[in-house]
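Student: One line per chain: the protein sequences are A and B, in this order. Each step along the first sequence adds one to the number in our numbering, with nothing skipped, and position 248 is 272. Each step along the second sequence adds one to the number in our numbering, with nothing skipped, and position 122 is 142.
Just to be clear, a hint being listed does not mean it is correct.
To be verified - With a Cα cut of at most 16 Å, we get these calculated EDC-like pairs of lysine to aspartate or glutamate:
(1) B:K209 <-> B:E156
(2) A:K129 <-> A:D182
(3) B:K58 <-> A:E313
(4) A:K475 <-> B:D279
(5) B:K58 <-> A:E146
As the list claims (entries may be wrong) - Listing some non-contacts, in silico: residues in chain A with all C-beta distances to chain B over 12 Å:
(6) F43
(7) A95
(8) E717
(9) P802
(10) A810
What the hints contain is simulated information worked out from the structure, not anything from laboratory work. In this text, a Cβ means the ideal position worked out from N, Cα and C, and glycines have one as well.
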Amino acid sequence: MPKDGGIGASSKRREDVRFLTGTGNYTDDINIHGQAHVFFLRSDIAHGTITSVDTGAAEGMPGVVKVFTGADFEAVGGMPCGWQVTDKHGQPMQEPKHPILAHGKVRHVGEPIAAVVADTLEQARDAAEAIVVDIDELPAVVDMKAAVASDDVKVHDDLTSNLCYDWGFVEENKDATDAAFEAAAHVTTLELVNNRLVANPMEPRVAVGDYARGTDESTLYTTSQNPHVIRLLMGAFVLGIPEHKLRVVAPDVGGGFGTKIFHYQEEAFCTFAAKACNRAVKWTSSRSEAFMSDAHGRDHVTKIELALDGDNNFTAVRTETYANMGAYLSTFAPSIPTWLHGTLMAGNYKTPLIYVNVKAVFTNTVPVDAYRGAGRPEATFQLERVIDKAARELGVDPVELRRQNFITEFPYATPVAVEYDTGDYHATMDKVLEISDRDGFAARRAESEAKGKLRGFGINCFIEACGIAPSNLVGQLGARAGLYESATVRVNATGGLVVMTGSHSHGQGHETSFAQVVADMIGIDENMVEIVHGDTSKTPMGMGTYGSRSIAVGGSAMVRATEKIIAKAKKIASHLLEASESDIELKDGAFSVAGTDKSVAWGDVTLAAYVPHNYPLEDIEPGLEETAFYDPSNFTYPAGAYTCEVEVDPATGEVTIERFASADDFGNVVNPMIVEGQVHGGIAQGIGQALLENCSYDENGQLLTASYMDYTMPRADNLPQMDHYVVDHSCQTPCTHNPLGVKGCGEAGAIGSPPTVINAIIDALQSGGHDVAHIDMPATPARVWAAMHG
Amino acid sequence: MYNFDVETPGTVADAVAAMGRDEAQALGGGQTLIPTLKQRLASPSVLVSLSGVAEMKGVCTGDDGQLCIGGATTHATVAREATQYPALAAMASHIGDPAVRNRGTIGGSLANNDPSACYPAGVLGSGATVVTNTREIAADDYFQGMFDTALDEGEIITEVRFPIPEAANYQKFVQPASRFALVGVFVAKFADGVRVAVTGASEDGVFRWSEAEAALSSDFSAGALDGLSLSGDGMISDLHGTGAYRAHLVAVMTKRAVDAVA
Ligand SMILES: Cc1cc2nc3c(=O)[nH]c(=O)nc-3n(C[C@H](O)[C@H](O)[C@H](O)COP(=O)(O)OP(=O)(O)OC[C@H]3O[C@@H](n4cnc5c(N)ncnc54)[C@H](O)[C@@H]3O)c2cc1C
């Protein structure tokens, strides 16, 4: 039975009312009296030595308040990196300085060199054109292998090379893994590229810095997924503003997909400049700026090998990956190809030996960091592609090869340092075969062939690790932050609640689903619960939203705080009912005495808490407000199986997605409609990566895909019809270590789907007699046609 | 954007006069020009908006039976009203998205002569006539290479006249990102022969594929094109496809256009 409220109900997203009626409050909607505007003069050269920046003419232009260059920031810190990776020799990664405005050198197209603050944006831009910048252009390095092979072109002169780190995982397993390859009956090898992507949230980044001279308080309004993290990084490491004098607000945010996790120069600049100019300073990114200043995603070049014994059991996996860092380390960049990628290389399989090598490389490109899935799509793509290739080489059913190697006993400790708590991979495989009607595929293929098209069926599994934790472990792995979450539940006198959560919602629908959880626990209407997030002056210190962590970690903190509320409310109720506390039961918003008809309503208890006339003041404090911080004991491990059917037009190489099905195990589900929307959206982005999106540089470091004229976003007509776009989450093995038994669903679609699409294309091409073993993403018509014609 | 003045003439004569101002530039639907201005890649001091010139708007049939489209007519209007020439209307209906079609004009498209635009193929494939405030220019003389036309400085396209073929079809294979034509082929069969115009492919802009025209003029069937191919040399090679791929697509799209109407 579908529920009409609480956990498990598809409650309509309450926040959509304001988003769809134009009454949201996005950062660009914030205008502060007297604000000035900043225009950043950005480098159009990928690599060069700055010999001079002459701002003289610009300073005299109409409306100009102040012109800033790199020299103005010598006294403040650079952009910090939030994760230090230790290489395979036990040495820390190389960590270059990352200035707010370029100093000495420019290292990628789009790097800000100077900033003009003026009364209007057009005046700032006019003045920026009058700045004379002299740069001695240097050769650029874009290709990762070339960057490592030679030091001829060094992105950072003060580092020993372009190698950030050379990471081995698990280094102690390397020799045993190599030996397993020696002993293997069959080895499948695959070299592939995980294409560089630009996140492209609908709302570009915006920052508004404000400064109150009277109180010496700085405020930053910014498009962030984690305002507290920005406050800590920017306050403590960049500008030296104590947290009690710094407020960071991330109001409505129009999509993040990872790229709004990081602390960016423009945020620090606007905060700094507001004080320096004694005026609010606003920056709104243009779409063109977004392409060359938002952190990009993915960009791995990988060789993966899979060893099998004579019975087709996986005996070992070995990988070598080059991971692009871009020109500087973005906030969490070093962790993505390591701890969020290497730890996932077991996938859903009981491969006993795994060795992952990752070389992180500096190049003259925009920094690369987390993008929906972050490391896990890269792991899933290579593993599921090499398994598919092995099945073809061995002539066995790709489903059976996977099934034979599935992990079936839980908890399961992988050889890559994580322990899966629960899962049932056969169940999701069974489910996806059912909902995709694999049995009917042969008939559909025949129909396609009658139209002159090739049809392919792709299948694969995935596993994800969400809610990265616990903090003490990630600290050992190099994280420079904790990974708990927080919530304060404030009950008002008349019974309504406000939950102040450290999670941030920028499309995920937390204002609806979080309210469902609290309302369910108390047994009241969801509309009595309000969710507040995104303002460091309102919410307790929290780590924000990324890595599919919000319901698993933020939701758990909220549950813990609500449990404290209920415990205290029961004490109050026991006083009002003159009964023993242990006999008090809470159900449907009323406290009753077990075995009697005596009861008191939720609202009576909350009123008593704030108007404590009849109240045990000697035993408990008045008021009803509780805070909890929740630090998980483990990750959660959503997993699933996906299928895709494609048609390929052999005359043009064009690929269309005819059917897509997903069977996910997210543990318990709070709001099925929101979960399905997250999966649909994630798959759309995965299809985007597989067929359409590609961020491309030429050999001089010029960005070739700098606008939507060349960067292909997925559109509705690139996706299958809704009746053939089935997302299922009925297989549920609840998480064992968080109170809601939830696992997280935000990234699954983007993680599981890219290999599905490519597996399907390979199946289609091979059915047409084309001996194509692999095709790199995006599988554009031109690439597919070229692959078919050798 | 830099600052500029805007003139909003109501007649061709006033538009021509306004174009006489220093650094004046015509503004059609602004779908190309406005983004260019926003990026500060052009700095005209006066924009002469043609969208209020009533005599340059609309679709009608001339005395000689030709389809006449005013130079300031939007793609949406052509898609809706050029019913006498279904292939052209269909082509217009697939340009860009609704917002682009509601603003973008035939005159702007032809004046711009983007090597991947659709109208150049329609106009050259139809053997249409481009009418300006001073003269009539045959399509074969009008297109002079990428972004290059026979128009003189300040000359305004007031109308385009299309002879109506017996059969015609436009096949567009889209560039995935912009959805302009990666390759577009317009095939038109007239009593005196077949014309085949190709857009998107050549480094010299829209061109006629004469071998295909000859083959189709003697046998208007897709089979007549068997064995015909173009070289990838001189074809555009970019992120979205090599010259060889484009050359291949021209042959595929030409066959599909013929198949659609033969
Ligand atoms: C998102 C997008 C998608 C598009 N997709 C396609 C597509 O698929 N196929 C396609 O063919 N096109 C496409 N276009 C282009 C569009 O069709 C417009 O036709 C084209 O941009 C120019 O027309 P306009 O009226 O907007 O001209 P404007 O942008 O106003 O002007 C363009 C140039 O023509 C000049 N000009 C304008 N009118 C005249 C005139 N009457 N006489 C002389 N000179 C004139 C201007 O001075 C300027 O130099 C697309 C555009 C966009 C923005």
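Student: Next step is simple, just say for each hint if it's right about the structure.
Tutor: Each hint tested on the structure:
no.	hint	in the structure
1	B:K209 <-> B:E156	violated, 23 Å
2	A:K129 <-> A:D182	holds, 12 Å
3	B:K58 <-> A:E313	holds, 13 Å
4	A:K475 <-> B:D279	holds, 14 Å
5	B:K58 <-> A:E146	holds, 11 Å
6	F43	holds, 21 Å
7	A95	holds, 27 Å
8	E717	violated, 9 Å
9	P802	violated, 8 Å
10	A810	violated, 7 Å
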